[in-house]
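Colleague: The hints should help you fit chain G onto chain R, whose structure is shown.
As given, the protein sequences belong to chains R and G, one line each in that order. Each residue of the first sequence is one higher than the one before, counting from 1 in the working numbering. Each residue of the second sequence is one higher than the one before, counting from 1 in the working numbering.
It is possible that part of the hints are untrue.
Unchecked claim - Just some of the chain G residues that point at chain R, by a computed CB distance under 7 angstroms:
# : residue
1 : Gly42
2 : Leu43
3 : Phe45
4 : Thr98
5 : Glu101
6 : Phe104
7 : Pro106
8 : Gly107
These are computed hints drawn from the structure, not numbers from a lab. Beta carbons: idealized from backbone N, C-alpha and C, even for Gly.
Letter by letter, the chains look like this.
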Amino acid sequence: GQQVMQIPQYQHVQEGEDFTTYCNSSTTLSNIQWYKQRPGGHPVFLIQLVKSGEVKKQKRLTFQFGEAKKNSSLHITATQTTDVGTYFCAGPRLDSSYKLIFGSGTRLLVRP
Amino acid sequence: GAGVSQSPSNKVTEKGKDVELRCDPISGHTALYWYRQSLGQGLEFLIYFQGNSAPDKSGLPSDRFSAERTGGSVSTLTIQRTQQEDSAVYLCASSFGTRDEQYFGPGTRLTVT
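Only chain R is shown next, with the shape it has when bound in the complex (with noise of 0.2 angstroms):
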């Protein structure tokens, strides 16, 4: 079946270091979605990409959608406390696109 998947499940980084987190698809994508989730928090919408080889930035975050349509990726520049949190992609569902298929996140810490 259609699956999204996230590398890493976990990072912790140094305060200032960067961070990359990975979304690949089992297929191709019509748009995808980053989402955002503190701990004990609940998720909140970053970002959609739609176009093939789009990148989008926010401040210190740039999004990418890959040229196949089937993977994508976050970068954070010089990571601060405050991005700690679980990053997801989702994707829509080939079957109906307003189902959403979230990968299973990506965890970050950041030692301060």
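Modeller: Leaving out everything else, chain G in the frame of chain R:
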């Protein structure tokens, strides 16, 4: 309200009891979703409502789970004869349209003892 609200925030129940979880979506959002998140896991789709259309119940794990959405707004998720494996955080989300970003509520943490 400004965001999606859910109640209760926490629910502890004994095995075999029924529970009702409530979700108030953002006003004007036609799409409403329920998800389940077990500790340290991703989000598991449960059910989807869109306007007055028949809900997509394909993610409900068993017939003990049911949900309704009254008047196209408030939704309740009911779990009958709860089991310990039902313990999880139940998240509700709404969106303006079916392909738009989803806004999540704070969730209901359900513990079945």
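Colleague: Evaluate each hint against the coordinates.
Modeller: So, going through the hints one by one against the coordinates:
The restraint placing glycine 42 of chain G at the interface with chain R holds, with a minimum CB-CB distance near 5 angstroms, inside the 7 angstroms limit. For the restraint placing leucine 43 of chain G at the interface with chain R, the shortest Cβ-Cβ distance is roughly 4 angstroms, inside the 7 angstroms limit, so the hint holds. The restraint placing phenylalanine 45 of chain G at the interface with chain R holds, with a minimum CB-CB distance near 6 angstroms, inside the 7 angstroms limit. For threonine 98 of chain G, the shortest C-beta to C-beta distance to chain R is roughly 4 angstroms, which falls under 7 angstroms, so the interface hint holds.
Restraint check, glutamate 101 of chain G versus chain R: the minimum CB separation of about 4 angstroms is within 7 angstroms; hint holds. The beta carbon of phenylalanine 104 of chain G is positioned within 7 angstroms of a beta carbon in chain R (closest approach about 4 angstroms), and the interface hint is therefore held. The closest approach between the C-beta of proline 106 of chain G and any C-beta of chain R is roughly 5 angstroms, which is under the 7 angstroms cut-off, so the hint is satisfied. Among the interface hints, the one on glycine 107 of chain G holds; its C-beta lies about 5 angstroms from the nearest C-beta in chain R, closer than the 7 angstroms criterion.
Figure legend: structure checked against the earlier numbered hints; every hint is met.
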